[in-house]
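Number of protein chains: 2
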Amino acid sequence: MRYAAIGGGKRVRPLLVTATASMYGVARQTAVKAGCAVEAIHVYSLIHDDLPCMDDDDLRHGKPTLHKAYDEATAVLAGDALHALAFEILSMPETVSDPFVRAELIATLAGASGMGGMAGGQMMDMVAAEKNYDLRAITRLQQLKTGALLTAAVEMGAILGRVPVDSRNHLRNYARDVGLAFQIADDLLDHEGDEAKAGKALRKDDEKGKQTFVTLMGADKARDQAHALVEQAVGHLAPHGREADLLRALARFIVERDR
Amino acid sequence: MRYAAIGGGKRVRPLLVTATASMYGVARQTAVKAGCAVEAIHVYSLIHDDLPCMDDDDLRHGKPTLHKAYDEATAVLAGDALHALAFEILSMPETVSDPFVRAELIATLAGASGMGGMAGGQMMDMVAAEKNYDLRAITRLQQLKTGALLTAAVEMGAILGRVPVDSRNHLRNYARDVGLAFQIADDLLDHEGDEAKAGKALRKDDEKGKQTFVTLMGADKARDQAHALVEQAVGHLAPHGREADLLRALARFIVERDR
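The listed protein sequences derive, respectively, from chains A and B.
One point on numbering: in the working numbering, the residue at position 144 of the first sequence is 144, and numbering is uninterrupted.
One point on numbering: in the working numbering, the residue at position 69 of the second sequence is 69, and numbering is uninterrupted.
No lab work stands behind these hints, which were simulated from the structure alone.
Accuracy of the hints is not assured; some may be wrong.
Heads up, the list lumps identical chains together, so a pair's fine if it works in one copy or across two of them.
In silico lysine-lysine, DSS-like type, Cα no more than 25 Å apart, as pairs [to be verified]:
#, residue 1, residue 2
1, Lys68, Lys131
2, Lys208, Lys221
3, Lys33, Lys204
4, Lys68, Lys33
5, Lys208, Lys68
6, Lys33, Lys208
7, Lys210, Lys221
8, Lys221, Lys68
9, Lys221, Lys33
Using the sequences and the hints, build the whole thing.
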């Protein structure tokens, strides 16, 4: 669990939790704990996605994937235990004392992790090569596989900030656009990025004949689209002043990153 | 998810939830939902435990295991999605309206599923053949792998019944003894049971040279021990009248079952 979770990764999801929570004056320690739960879910999903029966990846964050460093059984179980750990963290009164808030955080994270979120998206991805998805299906796939957890991260920050559910729409819209931009940037990096910087094997989707935003739109149009989505995401934050600057910077970082 | 969850299995864990909850007058529909969450965790653990990299089992409940009927990726993801589903169910206000109760149910189930419960027990089990565990280590392994979820099932029934945490000791003791008896009965069935009735391959532990309660104690002593544990478990229910008869019957069923 430690091998996969510590010493690698950009921590984008916990940053989305803490950046959103900080807009509403949430204590940093509380937001960081919720961020840890989100990151535990993210790391668990990477471990399972890297398995030989899934994407069969040997390298992650510049080091051997967990099943390479240990073995497959350890990888399945470390992923399972990180999955449970996320809910253990969120269900502790020490994380958040208000049980309403705890229950809402858990509902949001469980929804993002299950068949209507990441597991469903990865299942769509497993059959992507044979299905020959169009742009609409790829968008749906990525909204589940990547978007659901990014949206959950932002939403959990808002839940901690006690933002009522019907006042969270602009944040959800921000997260949706950021999520899509994030995935397009990922596809661009996969297409033309540097393996050493990425710390993982690239161009595997191309080899498998899987459709991505880049194969469907072309690299130039995909890049334009990612930038447009980021500006759109930033636009959703218009009701906020300087307190949303970190979310704005995060949106821009997501398309400008080189790994 | 449906293939693995429906049409097989004894439903012992949901029965422990509903039988305990019914002692305290909990609405049956509420207890059944919590029981579904517990069963989802149980089924997810069976799917992952059956994987080629784990126990490599081809048969479960008399039909091909999930990775045989579909493929390994589907099995990993169906397990992951059932794991998330358990927390989705428990975090819905429709399941239990009181958020304190929801949060406590989730904490109990997440604790039973993670590294301090089933995932930890399965990890111990994966290295059991080389570790040559003694009776004490096997007891610890089984308390994690099997006992934790059985105890959680009983405890969740009590949580639904709003039994205060320090009035649950006798129920926890009941569950601990039942859990151990359950595992000894399992080892006996594995040693001398009928594969057709069990609906799965037996005597695999013997082949792998893994220690079990039967190899360590001998079949006769193990059988005596299982019966003694059941009587001890029933003894813990002495403060209760007829309302605990179902829990008493369940304890006896657990050692008398032939599958």
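How the hints compare with the structure:
In this homomeric assembly, Lys68 and Lys131 come within 25 Å of each other (Cα to Cα) only across copies, at 22 Å, whereas the closest approach inside a single copy is 29 Å. When the C-alpha separation of Lys208 and Lys221 is checked against a cutoff of 25 Å, the pair qualifies only within one copy, where the shortest distance is 22 Å, while the shortest distance between copies is 57 Å. For a Cα distance limit of 25 Å, the shortest separation of Lys33 from Lys204 qualifies neither inside one copy, at 34 Å, nor across copies, at 42 Å. Taking the shortest Cα distances, Lys68 and Lys33 never come within 25 Å of each other, neither inside one copy (29 Å) nor across copies (39 Å).
Taking the shortest Cα distances, Lys208 and Lys68 sit within 25 Å of each other both inside one copy (22 Å) and across copies (24 Å). Taking the shortest alpha-carbon separations for Lys33 and Lys208, neither the intra-copy value of 38 Å nor the inter-copy value of 42 Å comes in at or below 25 Å. For the homomeric pair Lys210 and Lys221, the shortest alpha-carbon distance inside one copy (18 Å) is at most 25 Å, but the shortest distance between copies (59 Å) is not. When the C-alpha separation of Lys221 and Lys68 is checked against a cutoff of 25 Å, the pair qualifies neither within a copy, at 37 Å, nor between copies, at 43 Å.
In the homo-oligomer, the alpha carbons of Lys221 and Lys33 never lie at most 25 Å apart, since the shortest distance is 39 Å inside one protomer and 48 Å across protomers.
In this structure, the hints that do not hold are numbers 3, 4, 6, 8 and 9, in rising order.
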